[in-house]
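The whole structure should be built from the sequences, with the hints applied where relevant.
Those protein sequence lines, which keep their order, are chains Z and F. Residue numbering for the first sequence follows full-length UniProt numbering, beginning at 1 and increasing consecutively. Residue numbering for the second sequence follows full-length UniProt numbering, beginning at 1 and increasing consecutively.
Just so you know, these hints were derived from the structure itself, not from any lab. All clues stand as given, with none of them false.
Selected chain F positions facing chain Z (Cβ under 7 Å, derived; list incomplete):
1. Met110
2. His114
3. Pro130
4. Tyr161
Straight-line alpha carbon distances no greater than 30 Å define the calculated DSSO-like cross-link-like pairs of lysine-lysine that follow:
5. Z:Lys216 / F:Lys157
6. F:Lys157 / F:Lys138
7. Z:Lys216 / F:Lys147
8. Z:Lys216 / F:Lys138
9. F:Lys147 / F:Lys157
10. Z:Lys216 / Z:Lys42
11. F:Lys278 / F:Lys360
Being a predicted model, the structure only gives us computed values, none of them experimental. Quick reminder that beta carbons are idealized off the backbone N, C-alpha and C, glycines included.
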Amino acid sequence: MSPEILKLIWQATLDTLSMVAAAAGIGTLLGLPLGVFLATSKRGELFAAPALNAVLGVLVNATRSTPFIILVVAIIPFTRLIAGTSIGTAAAIVPLTVACIPFIARLIEGAVREVDQGLVEAARAMGATPVQIVRKVLVPEALPAIVLGLTLAVVSLIGFSAMVGAVGGGGLGDLGIRYGYQRFMPDVMATVVAVLIVLVQLVQSFGDRLARRLNKRLRHA
Amino acid sequence: MNAPVRPGALNLGAQPVPAPDPIIRFEQVGKTYPGRAGQQAVPALSGIDLAVPAGAIVGVIGRSGAGKSTLIRLVNGLERATAGRILIEGEDVTALNEAGWRRRRREIGMIFQHFNLLSSRTVFDNVALPLEIAGTPKAAIAAKVEKLLALVGLADKRERYPAELSGGQKQRVGIARALATDPKLLLCDEATSALDPETTQSILALLRQVNRDLGITILLITHEIPVIKEICDRVAVIEGGRIVEEGETFAVFTDPRHPTTARFVEAVTGVELPAHLKDRIRAEARPGDELVLRVTFTGANATAPVISRLSAVVGVDVNILAGRIDAIAGQPFGSLLVSVPARAPESEAVLGALRNLGLKAEVVGHVS
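Structure follows, in structure tokens:
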């Protein structure tokens with residue numbers, strides 16, 4: 001491969017990483033509170049608001065059931081509003097983020113629901129406020145599961161990020177399609193796939209190790 | 001600490017302050033959960049009258065589903081009463097809103113059957129949690145937690161995680177955590193039900209120590225009658241959401257009035273006939289039979305040499321078939337199965353002598 005191609009691959013890798021990092025970062029920032037709220041707002045729960053819970057649940061499901069490539073096209077006006085353009089790496093961050101917020105929220109909801117209700121009861125018995133219960137009990141206790149969920153979300157984002165190439169977003173997927181497929185450069189395609197595999201492996205093993213370190217439940221004297 | 005310090009609040013190391021008024025009073029308290037669509041609402045508790053004297057250890061015993069966990073959760077507002085009043089230190093708490101309850105709860109400790117420790121926090125940080133919630137400054141938290149860990153005998157485990165501890169050690173952490181905000185009242189929800197008998201004993205001993213040395217009133221619920229026998233000054237028996245019997249533990253154990261109570265105390269006060277006699281016992285007497293009596297000793301009598309005195313006074317051979325002598329709420333109690341000749345003059349003399357000695361005797365039957 002020529003140095004120009006290698007440079008392109010390097011640039012595409014950086015683009016993918018920045019898109020995924022930005023989408024995962026913003027997605028977590030918004031998905032975490034949404035997930036905690038979904039897990040604590042049914043009837044009789046800490047922030048009981050059954051109607052709002054139901055509405056948010058439908059919204060989350062609707063976003064998640066829309067195929068990503070259709071979502072990308074459907075929200076182009078919104079993307080333009082936020083990013084000023086609908087083409088390029090920065091613009092691609094918008095649909096990626098929109099797609100991953102409900103995904104992350106559901107993963108976090110599941111992690112928080114796994115926390116033993118006895119701990120919530122104990123914290124209530126200490127006179128904790130609902131916000132204290134979330135900050136001192138639910139999130140710390142769910143943290144290993146949250147980390148695993150976020151790892152899954154980042155891995156999925158790496159896959160999604162390859163699709164935004166279709167609408168002019170940059171990144172490894174875009175490079176693979178344009179050079180590997182459309183210009184018949186199988187070595188570029190193979191390299192792109194290899195880089196993606198390595199990225200996913202790195203993310204997954206980092207997430208697994210972090211979750212294991214955070215999990216204090218499995219230690220024995 | 002942000003929580004207001006009340007006059008007479010008990011701190012670690014302080015002497016118990018006797019108070020004439022009960023610390024908790026239930027007045028005709030009821031709790032009904034709303035029924036699901038199409039189903040009728042079922043009352044979990046009804047007509048509960050109960051007083052918990054300050055400084056006492058009061059036990060509520062009942063089978064699962066009897067309503068005891070609802071009852072204990074009414075005291076710290078984890079459940080709300082739907083009828084009647086609950087007074088804590090004279091304050092009607094039934095009218096409290098959630099913020100009022102949060103302040104109240106900081107003065108009430110609670111421990112649980114499954115400990116409910118945070119797996120993500122060390123022993124030290126678990127005990128610190130209620131103080132963090134109350135907004136206590138860091139330095140004060142550290143000093144308090146050290147003191148509590150020493151009290152429960154876990155000073156060397158401060159940096160361990162709950163998963164590294166035994167059940168008994170976890171409950172000790174639970175107790176230290178419950179005492180962190182210097183409560184006047186400790187609620188124990190089946191605190192020893194997940195522990196083996198030996199560990200149960202050590203936890204009960206710790207609870208008694210907490211009660212005596214710190215003057216903390218304890219309300220506990222359990223389905224294990226030995227727990228009541230071991231540490232409770234008073235006991236209430238609950239069945240079907242109602243208190244069917246209540247009183248001083250010793251009185252209730254030695255003279256149960258309700259069949260449910262009788263079944264519970266049977267396990268710790270009852271004495272069974274040996275198997276070879278059980279099949280042969282008859283209600284009616286035949287010539288040459290022995291009369292089988294159940295003799296109950298209470299208080300000072302339990303330690304008196306009653307049997308030898310009986311033989312000496314009446315001149316009848318008393319044959320001991322089975323028996324046990326035990327302590328209930330710290331007072332000795334004994335139950336003996338004996339046999340004496342069933343012939344008229346001797347048996348009359350024995351029963352008369354037992355009555356004179358102030359013992360309770362009942363005829364179980366006759367054996368040849």
